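Chains as they are written, first to last, in the numbering used here: chain A, 262 to 500; chain B, 262 to 500.
There may be inaccurate statements among the hints.
[As the list claims (entries may be wrong)] When the alpha-carbon atoms are kept at most 30 Å apart in a straight line, the in silico DSS-like pairs for lysine-lysine are as follows: (1) A:K274 <-> A:K306; (2) B:K474 <-> A:K415; (3) A:K474 <-> B:K415.
To be clear, the hints were calculated from the coordinates, so they are not data collected in a lab.
Predicted model only: the values in this text are computed from it and were never measured.
Take a look at the letters that make up each chain.
Number of protein chains: 2
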Amino acid sequence: MDLQPIDYQVNGKPYTGFLADGSGGRKAPGILVAHEGGGMTSHPKDRARMLAELGYVAFAMDTFGEPVTEIARGREILMALMADPKEFHARIYAALDVLKAQPNVDAGRLAAIGFCFGGTTVLELARSGGDVACVVGFHSGLTPASAAQPGAIKAKVLTCIGTADPIIPPEQREAFAAEMTAAGADWQMLVMGGVGHSFTNPEIDAWNLPGFKYDEAADRRSWAAMRDLFDETLGPVSA
Amino acid sequence: MDLQPIDYQVNGKPYTGFLADGSGGRKAPGILVAHEGGGMTSHPKDRARMLAELGYVAFAMDTFGEPVTEIARGREILMALMADPKEFHARIYAALDVLKAQPNVDAGRLAAIGFCFGGTTVLELARSGGDVACVVGFHSGLTPASAAQPGAIKAKVLTCIGTADPIIPPEQREAFAAEMTAAGADWQMLVMGGVGHSFTNPEIDAWNLPGFKYDEAADRRSWAAMRDLFDETLGPVSA
Numbered sequence: 262m263d264l265q266p267i268d269y270q271v272n273g274k275p276y277t278g279f280l281a282d283g284s285g286g287r288k289a290p291g292i293l294v295a296h297e298g299g300g301m302t303s304h305p306k307d308r309a310r311m312l313a314e315l316g317y318v319a320f321a322m323d324t325f326g327e328p329v330t331e332i333a334r335g336r337e338i339l340m341a342l343m344a345d346p347k348e349f350h351a352r353i354y355a356a357l358d359v360l361k362a363q364p365n366v367d368a369g370r371l372a373a374i375g376f377c378f379g380g381t382t383v384l385e386l387a388r389s390g391g392d393v394a395c396v397v398g399f400h401s402g403l404t405p406a407s408a409a410q411p412g413a414i415k416a417k418v419l420t421c422i423g424t425a426d427p428i429i430p431p432e433q434r435e436a437f438a439a440e441m442t443a444a445g446a447d448w449q450m451l452v453m454g455g456v457g458h459s460f461t462n463p464e465i466d467a468w469n470l471p472g473f474k475y476d477e478a479a480d481r482r483s484w485a486a487m488r489d490l491f492d493e494t495l496g497p498v499s500a
Numbered sequence: 262m263d264l265q266p267i268d269y270q271v272n273g274k275p276y277t278g279f280l281a282d283g284s285g286g287r288k289a290p291g292i293l294v295a296h297e298g299g300g301m302t303s304h305p306k307d308r309a310r311m312l313a314e315l316g317y318v319a320f321a322m323d324t325f326g327e328p329v330t331e332i333a334r335g336r337e338i339l340m341a342l343m344a345d346p347k348e349f350h351a352r353i354y355a356a357l358d359v360l361k362a363q364p365n366v367d368a369g370r371l372a373a374i375g376f377c378f379g380g381t382t383v384l385e386l387a388r389s390g391g392d393v394a395c396v397v398g399f400h401s402g403l404t405p406a407s408a409a410q411p412g413a414i415k416a417k418v419l420t421c422i423g424t425a426d427p428i429i430p431p432e433q434r435e436a437f438a439a440e441m442t443a444a445g446a447d448w449q450m451l452v453m454g455g456v457g458h459s460f461t462n463p464e465i466d467a468w469n470l471p472g473f474k475y476d477e478a479a480d481r482r483s484w485a486a487m488r489d490l491f492d493e494t495l496g497p498v499s500a
């Protein structure tokens, strides 16, 4: 499936996301896809395509506004966003607006998924009260830029985390559980034994980062868990 | 669907389980169903029926050999089994043999699910090297009667646990994670925020036990997670 690049602006700065429309011309749920700390690689585009193949309209949002060629630069950008929730939220909601404006998107049936820092991104959407049916974070950083207030979270929340993920230690999972519970969120976490970070990304192994590893079973299982939550919250793809 | 009572013996003592055959006469995967600490109530029978409606041959095993009318008696029996793994294992494997002997069961495609103490029961099957494709424990006690040895677990393991379950505190989940990891098991845990004990059992609310509560969403989600693992490990129902 061909991806359609879409240029948009946030606070005067240009961004380019990629749309994969699997609707076949009928109104379909719209899914926002948020990329890892490595920026707009082929990974989020592949996931947008996979969602389109299921019949959704998916938009791979551009959180960074620039390509990332060095890990240090990606980390610099994401740290700046974590320290500036207002700017972070502006980028998230601008991308969501692009998705909602697509003619084949049923704007009443939206969800967001993200990977690594993209998981943090969609959790930030949920924490800030984003009006989406659900968010799903894969090997997502769980520490908030701005912690959820009680009653704020409307979206149903699913995170999928490996126990061998060096970025997301047990303490972070526990702090997240406490935050979600205090916020009164409807949340689930699929914990996968022995699985490392970036388990959905076949390209990650080339980066040679300790504890980062593609895992086919974890990839498949977390994707199935996402589809279960989509079925529950979005209903049939074409309805 | 009618249930067929099946009498069998373990170490000279009589037991009665209930078979629900959804195979339609073709070879189908066999699923062992293990009951809660409350014994052979309608709950495990209902689950066997639900599995049969999906096309499986399900056998609600009788772990206790007697009806339980008082919680204290159920607790007494299960404590005795936890203290006597040999007897516990004898009852589990005898029930599995009954299931395997059914003419419509494909004995090469077996799984086991259990609820509360029944979750402990199917985990014990996994820990002891039981030759089943997967085990799924719902609000299952995670403390072993006999801890898994490295390399012993052949079955893929899924547990579904609520964070508000007073029987299964976070420390028990962590000890289980450490045990499974040390054993080298393929394991997952679906953690569900704010969900209590016995979340699959609509009858539990009548017992008025603090922290025990039926939860429709958790019931549905954990059942979907089970089906995903069945699809992965057992393949299509009729194959």
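Verification of the supplied hints:
A hinted pair counts as satisfied when its Cα atoms are at most 30 Å apart, and K274 (chain A) with K306 (chain A) qualifies at roughly 22 Å. Proposed proximity of K474 (chain B) and K415 (chain A) is supported: the alpha carbons are some 23 Å apart, at most 30 Å. In summary, the hint linking K474 (chain A) to K415 (chain B) is supported, as the alpha carbons are separated by about 23 Å, within the 30 Å threshold.
Violated hints: none; the structure is consistent with every hint.
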